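Engineer: Given next are the chains, with one letter for each unit.
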Amino acid sequence: MSRSDAANAVPGGDAGSPALRALTAAPIVQLEAVSKRFVKPLDAAARIANWLGAGQREQVVHAVDEVSLEVGEGEVVGLVGESGCGKSTLGRVVAGIHPPSAGRFRYRGKTFEEMNAAERRQATLEVQMIFQDPMSSLNPRLRVRDIVGEAPVYHGLASKAEMGGHVAEVLERVGLDPVFMQRYPHQFSGGQRARIGIARALAVNPRFLVCDESVAALDVSIQAQVLNLFTKLREQLKLTYLFISHDLSVVRHLSDRVVIMYLGRMVESAPARVLFSQPNHPYSRALLANVSSLASRHMRFAPLSGEIPSPLNPPSGCHFHPRCLHAGPRCRVERPVLTELGSGHLSACHLNSPGGVGG
Amino acid sequence: MSASSEPLLKVTDLATHFITRAGTVKAVDGVSFEVARGEVLGLVGESGSGKSVTGYSILGLVDPPGQIVSGSIRLSGRELAGLDDEAMRSIRGREIAMIFQDPMMTLNPVLRIDTQMIEAILAHERVSERAARDRAVEALQKVGIPSPRERLEAYPHQFSGGMRQRVAIAIALLNRPSLIVADEPTTALDVTIQSQILAEMQALCRDTGTALIWITHDLTVIAGLAQQVAVMYAGRIVERAGVDAVLDAPRHPYTEGLLGSLPSAATPGEPLRQIPGSTPSLGRLPPGCAFSPRCAYATAQCRTEAPEVSGQTLGGGVERQFRCHHPLQEPSR
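Chains as they are written, first to last, in the working numbering: chain A, 2 to 360; chain P, 21 to 353.
None of these hints come from the bench; they were simulated from the model.
Check the hints yourself; a few may be wrong.
To be verified - Some chain P residues close to chain A (C-beta under 7 Å, calculated; not the full set):
#1 M125
#2 H177
#3 S180
#4 S215
#5 T240
#6 P288
As the list claims (entries may be wrong) - Covered by chain A, according to a simulated footprint, are these stretches of chain P (three or more residues, beta-carbon under 8 Å):
#7 263-272
#8 276-285
It should be emphasised that the depicted structure is a prediction, and the values quoted were computed from it without experimental measurement.
Glycine residues also receive a C-beta, built at the ideal position from the N, C-alpha and C atoms.
With the hints as constraints, model all of the structure from the sequences given.
Structural biologist: Put into structure tokens, the structure is as follows:
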């Protein structure tokens, strides 16, 4: 890590702070200072150049940078951020698609290493992911019956003979007529395909759903139907969600708690009601100010200046400081830590510390 | 604008159909609206409502098998429907410009930005290349691109998505058009970048008097930007009025349904007031009112007879039009 300096180092044990334990429900998923790095290895030419003394380094993207998060049973956590903030990568770590590069991921108190084979299989089945684009996550050559029924049969949740009945039950649950079972994904509308993606995840009786921009591609009227379906399923099946979205109005509608990420780091986390009424972090405040709503007529848009920096070469100290109105000398060198402002309200900003943003 | 003067753009009974072997798709079917100088019209609809085809029709960009089958498009009193390609080309880019959702529709990936911008100026005007370059710099500056003189020499791939969209907007502004048609230009962008672009478009319309047709599916963007809103469903404008009238007191059930579907309008956790069913395929529209299968107020009349446009004057010269047999009651005030 080229830019690592003393100021950037955050003790890994920070995850155990009382703030993160303040949740009432028992955590189903715990992330302890989880990082995910993607490394682009040097190609042959660069290796030869290095051998001659060019000193080229591997490119490292810190997609997720020491994020600690707990999700309680039955809770809906909304994960918000702009493109490249690492929200999807974090979702994939939670869903077990990417192993974390550092830190620990626990499901019901155990890491995967601590589980035996049966527990591990149970855990991977209980956490399911719903993707953004059903067309690229549903096999176009399989009938809906096989898309939804394959996993439960393989994992022994239903026998081959029971598959039809099981699939019909799941399809009904998501509001699709079971007679469509023999059709292929392309024969459905966008909203129906989204429902098939949800049905596939539900078919293995999950407890925890990671929804990655699952309604982003849908039209407004269809989006409302799918959001209502998520709410209904949560009540009927007592599901827990990690709901990833760039759309704050969607997250506000569904979530109990909202986590805001910027360039791989968590900048603020709070109960939804608190976050939307009293956002603390300057980035959260800017995001909320930029949400267009029906009430804001003829508004003068007051944008946040600048663009999201490249995650290949993020700014030093607080990642947000080049765009922040309040940035001071300290923000340029020292990474702010998450501090608790109120019950369950965490924010990573030097403005909250006694030292302020000064040097 | 005085009542006698003609609006900048007047579209009357526009119909754009796609005539294929599988049947005729009426993508735009009898659309009428007006845009005044400096006004922002929000054209709202879901996918397949015909909002983009309406925009393309104004610019004469509908390709076969699509064609404008009837209706008139008058820009500053001049008829655009039926103009040949050459005449249209001299108008497009000079008097009307278009901004697409994907800026790479506008930009040529293998040419530098300066080549593309200077070409767009020289195509319409006899000016020196140096003057054209200065104007390109000015346009880039206007849309908030830092160090424009250096950035002119970059290729499109060297810009980020938001910057590329700004370049596309700068190209649209080059010849100081009187009308810009923008087709979902911020849909693919992040929230903070979207509001930067909205802020710049808003300032441009205010400063230059350019009229804007903003095509989008996002009613919340329209709320902040537009003065006039037209809601499209299945190739028709179902309701059109000033932004406050449409958003606060919709008369058409579809507008009401769209507004109810927005998560921002609902109490968190409460179910959204969803519209049942899904948008019909334009090739197989139901008889009568196209919205009737999804409408809670539909009667036998709606299922057989397509509603005509009804008008209503709201006072202050504001007018409202809608297509519904059973319009919603106006809120009593």
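Engineer: All hints, please: hold or fail.
Structural biologist: Tested hints:
no.: 1; hint: M125; in the structure: violated (19 Å)
no.: 2; hint: H177; in the structure: violated (15 Å)
no.: 3; hint: S180; in the structure: holds (6 Å)
no.: 4; hint: S215; in the structure: holds (4 Å)
no.: 5; hint: T240; in the structure: holds (4 Å)
no.: 6; hint: P288; in the structure: holds (5 Å)
no.: 7; hint: 263-272; in the structure: holds (count 3)
no.: 8; hint: 276-285; in the structure: holds (count 9)
The structure shown violates the earlier hints numbered 1 and 2.
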